[in-house]
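Using the hints provided, position chain B relative to the given structure of chain A.
Protein chains: 2
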Amino acid sequence: MTDLSFFHTPGSVAVIGASDNPDKIGGRPIEYMTTLGYRGALYPVNPSRPMIQGLPAFGSVDSLPEVPEVAVVAVPGQAAVDAVETCARLGVRGCVVMSSGFGETPDPDGRRCQEEMLRAARRTGMRIVGPNTQGLASFGSGAVLGFSTMFTELPPADGPVAVVSQSGAMCSVPYGVLRRRGVGVRYAHATGNDADVSAAELAAAVVADPAVRLLVLYLEDIRHPAAVEELADVATSRGVPVVALAGGRSAGGRRAAASHTGALANETRVVDAFFERLGIWRARHSADLTAAVDLYLQGAAQPRSPAAGEQGLAIVSNSGAICVLAADAAADHDLDLATFTTHSRERLGAALPAFAATANPVDVTAALMTDSSLFGKVLPVIGADPGVDACVVGIPVAGRGYDVATIAADVRAFAQDSGVPVAVAIAQPDVGAVFRDAGLAVFDDEGAAVAALAQVRRHGEIAAAAPGRGRLSTRRPGASVHTLDEADSLAALAALGLATVAATRCADADAAVAAFDALGGVPVVVKGCTAAITHKSDLGLVRLGLTDAEEVARAARDVVDIMARNGVAEGAVLVAPMVRGALEVMVGAHLDPSFGPVVVLGAGGTGVEAVPDVRVLLPPFTAADARAAVASLRMAPLLGPVRGDAAADVDAWVDMAVRLGREMVRPGSRIASVDANPVMLHRGVGAGAVAVDALVLVDGGAEL
Amino acid sequence: MTDLSFFHTPGSVAVIGASDNPDKIGGRPIEYMTTLGYRGALYPVNPSRPMIQGLPAFGSVDSLPEVPEVAVVAVPGQAAVDAVETCARLGVRGCVVMSSGFGETPDPDGRRCQEEMLRAARRTGMRIVGPNTQGLASFGSGAVLGFSTMFTELPPADGPVAVVSQSGAMCSVPYGVLRRRGVGVRYAHATGNDADVSAAELAAAVVADPAVRLLVLYLEDIRHPAAVEELADVATSRGVPVVALAGGRSAGGRRAAASHTGALANETRVVDAFFERLGIWRARHSADLTAAVDLYLQGAAQPRSPAAGEQGLAIVSNSGAICVLAADAAADHDLDLATFTTHSRERLGAALPAFAATANPVDVTAALMTDSSLFGKVLPVIGADPGVDACVVGIPVAGRGYDVATIAADVRAFAQDSGVPVAVAIAQPDVGAVFRDAGLAVFDDEGAAVAALAQVRRHGEIAAAAPGRGRLSTRRPGASVHTLDEADSLAALAALGLATVAATRCADADAAVAAFDALGGVPVVVKGCTAAITHKSDLGLVRLGLTDAEEVARAARDVVDIMARNGVAEGAVLVAPMVRGALEVMVGAHLDPSFGPVVVLGAGGTGVEAVPDVRVLLPPFTAADARAAVASLRMAPLLGPVRGDAAADVDAWVDMAVRLGREMVRPGSRIASVDANPVMLHRGVGAGAVAVDALVLVDGGAEL
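Going line by line, the protein sequences match chains A and B.
In terms of UniProt numbering, the first sequence opens at residue 1 and continues consecutively.
In terms of UniProt numbering, the second sequence opens at residue 1 and continues consecutively.
Since the hints were derived computationally from the structure, they do not count as laboratory data.
Worth double-checking, as some hints may not be accurate.
Stated by the list, open to error - Among chain B residues calculated to face chain A with C-beta under 10 Å, some are:
#1 20
#2 23
#3 330
In this text, all values refer to a predicted model and were calculated from it rather than measured experimentally.
Note that CB positions come from ideal geometry on N, CA and C, so glycine has one too.
Only chain A is shown next, with the shape it has when bound in the complex (with noise of 0.2 Å):
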């Protein structure tokens, strides 16, 4: 990993462009350093200002009395290409340009004067954050290399939250919150147009810092995988958890970001994929970046096994309304709610009033106004239990008449001593401070309550199955390819060792017979064999259901016709032997521009577009990988052991995708895309999955 402590922690700072007024772009830096503690020497460059802010100002970066450590750069076009080249030849080790019109427009001269700073930064080293950026801050030396107004709106403070965004606003929304909380944050970066270091890149240096305990990312494109693959290493060495949003995930988002900052938004099920195997959660809107930041603070992402299983959720409330809803809330996010033992529930008993419900969720009725006790007495009965392994309590009602301080301390030490995650939901924000006061999680409803604990217990397993997990390859789409037709298709599966249906490539309507006669008179299928049509049902050019020979033969002349007026004058015709009475699932893979070997699993046949049910899965995984694909998807129910019939024989399944990925990480691999649909996948064990149909691209323009 690249040093960029130096961004962080500089020994001294040159502003060029800078301004005596505070409200400036220029001046915003200088006031921040001021008055934020920042220690190193800070050289303001203005040629025409003897005096800026209160410090002496230099005509330029040549005349400072040393080479500054970093340098803001505040002034626009060809002048920060010439500020970026001085302080490149001076040795300056990084540059965080805030001016904008360079990359991100459309504007030529914008773009050159871009490609002009890198180049000169590269000839030296130098490293450049920007163009186009809000700016760097780090709370812990001072260091203030920004513009950010949420630092004039809300004071910072440091602590265990980094903060890292293409987007400027995307850095200072976060940390207002965060702040409006009375969260720490250590750093507040945004970068811009990513022209040099990445956000990621960034993101991975910040995650190394030991006080950092959560990173809040917000990122555009991810040009750079590798980048973001280093950063959840770093990550989960140190048991960071990361939260990150990636914007475009519709086909509108996408053009947004296009004119946004050029970004190249990417495909969202392949981004999905990519987080989750880096045990990177992927937040969806921009509120829940921060909604679970309390629950991570007390730690309760630990990376934990999904086997953990057996225990579930208890819900804690004065109100059986609440009891309801919160109940409601955790069925929406699969958690199961806990049983409780019968020693539990004797013990609740007699805690609670006369008639209340011993079972999960608890009420303890509105007897909590008259007897502010009842939390203290119930919560250590349910912290004992072993099948509880996360609690919300929602109190929705309090105030006046109602101890609220000692509710406060028992929901607290309960938190404590039972070491599982709680999520307190209180809708008045009054009674709600004392709790978060106490050092609570407080959430301002049951669902939010509810969505942030099905959020860090998800993440903690995704996070245990990350490391481990070996880096993705660099094969990227070739700059042409080769389509096979369906019996090479078909053999190129099979040479990996997938199962393929014995299809018979024949030349005309006899050898077509004397293939059906050779596969024993079973049912067969008779198909045109020709690359040049892609549809081919559509045209008729797939029987379906021939039993005798007379069939065969008609069909495999009428196809050879169709294929012949439709312009393939040598189409073969394809025999095969129909596969019933199996479940239609799908297996593909392919090389995407970003992320490159890409393969899918999911139900198959025809509705696979009209009605997606798929999963994206990065080689390299593993079969259990593939497995818990598997289990994701909206078909799996059917796949389990129905009416009688045995289940379905997922690993045959399986193994076709881990086979795939292995293929399409393999150096000297020249397969460019794979999509086996219909894979007509039996029930028993063993029974085994064939594909029946296959489209196979290769690199290149020549045979494989």
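Relative to chain A, chain B alone:
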């Protein structure tokens, strides 16, 4: 509709069990009414004190100077029963029984006491709210017949919103959220056990008040759908949107509800369908009850035709990232983005900084910091674009250096001039307050803003479709049902005008062969036909694709043998032609204990239980309603024209659902349940749909 207005504007109120301590349950109503402007006569009843909170107290209800119009009962157990009986005898119009320990407990004494109160009330026509209720609060009149802590925590203010809830907490929580946001609340009613007056009945009275413009409703069960229908009628005629949360969507939530108010929470899909047909929005979590309230109060949920179409959401922000994320959120909610006209784009190009994109979303860029007039230039163009029907304005960062007041005024002018719903996403509370004070709908983040716009839009659509739907049938499940065998089931469907496969019931193998011959030799299915065995394929009673007489005879003999071995001596054999090459769908119907007739349609085949993709309709409904339900299925994209094949004949399927719905509400119908699965749905106009398997249950113990 019964008159319940005396609960809202009582001329006189007695509080039985009045307390001098305003923190006691019997003290709160006195304190609230004396401080919140109640102008009627207020009579504390307490035999042990001459004065209560400065008012003369009375020893019993009998000794008051007049018969009070309403009494609040705060004494427990048998004393409450006595008080209610006295009130009824005296001619009190309504009692609010706050005391607990009655029908909500498993205690037979408590249940008996509740029954006695009810009997006493019914003898004289007195109405009871509760028992076990937090009580009612009418801030228009100051009549607070309840003890909610929240009115102490947050001072009431009369306003356009009414909250009605079975649960006390779920009355107090929305009240608190609304008041903290500065929204006035006219009614905050909790009804408790709903022994007499139900939450829905009270809500109908509330919605009839011309001052109410939004109803927030929490229900734990819907024992009397007719009361909700009446409420919806009033709300629809007055144009008042209703947002309802029905707890117990999950199995865990239903268990919790049963031990809370003794509620038997209803089947989720049925409740969804019930609310939708009435134009009521179903919230999922407590926060959803109030999330979109500002947009509602601006009239954004006025009934709108889904055919309005061809319009979409505009997104404007000073942050490119918020543009990206709002577009992603719009896709999550199936909201289209507006496409601006060329004219608009030219005008935007003139208004925006050079190189800023002029397409939707519009990123005015960080230039807003130096030019606060940017929104004022851009928004009128967007407001004039005919393709825009809603707008998100995202301002993630503002504050010092920004002219926030000008920006807020510009957004306000845009909202007023354009008339489209505008949701402003602002992360900084102090900045948000400026916009809220300007009368705008403000949200914490882009995700919440887009979700609220999507909600009011969809709510407007279901509200537009609601009027004119008839009342639900009062048919309910009978005491016993009789199961028809497959042949009789198919015949019963055919009698209703549903197309069914041409199945022949055969006594033996010879008859089966004759039936096969009569079908002209097409492939057939041979099945065991008996009502005594349900899962026939598990036992080998279904033989598919038989193509010659010998196969048919052998299958028929097998089937008869298997039935005999399973104790069915008189089972017949069913012979029917195979129906292939169609989509497998299903249609069904049954009688719900609370809602009566229910029609179900969805994806068919063996996966329907494991991976359900179904929608519920409550008759009476129209073909348009059924078509809308089909269009919302996950499988819907498969029904369109795919790969050259024609669209499926959805009309034929819809017609089956309509016929079933009509039968289920027909007076005298004996159909208790129908499960037609699969229905083979063919592609092509008029291609039809045919039920190939069916199970029909009829009321009573005899044949149909």
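Consistency of the hints with the structure:
Hint on residue 20 of chain B is violated. Least Cβ distance to chain A is approximately 15 Å, over the 10 Å limit. Interface restraint check for residue 23 of chain B: the shortest CB-CB distance to chain A comes to about 5 Å, inside 10 Å, so the restraint holds. Look at residue 330 of chain B: its Cβ gets to within about 6 Å of chain A, closer than 10 Å, so that hint holds up.
Consistency with the previously given hints fails for number 1 only.
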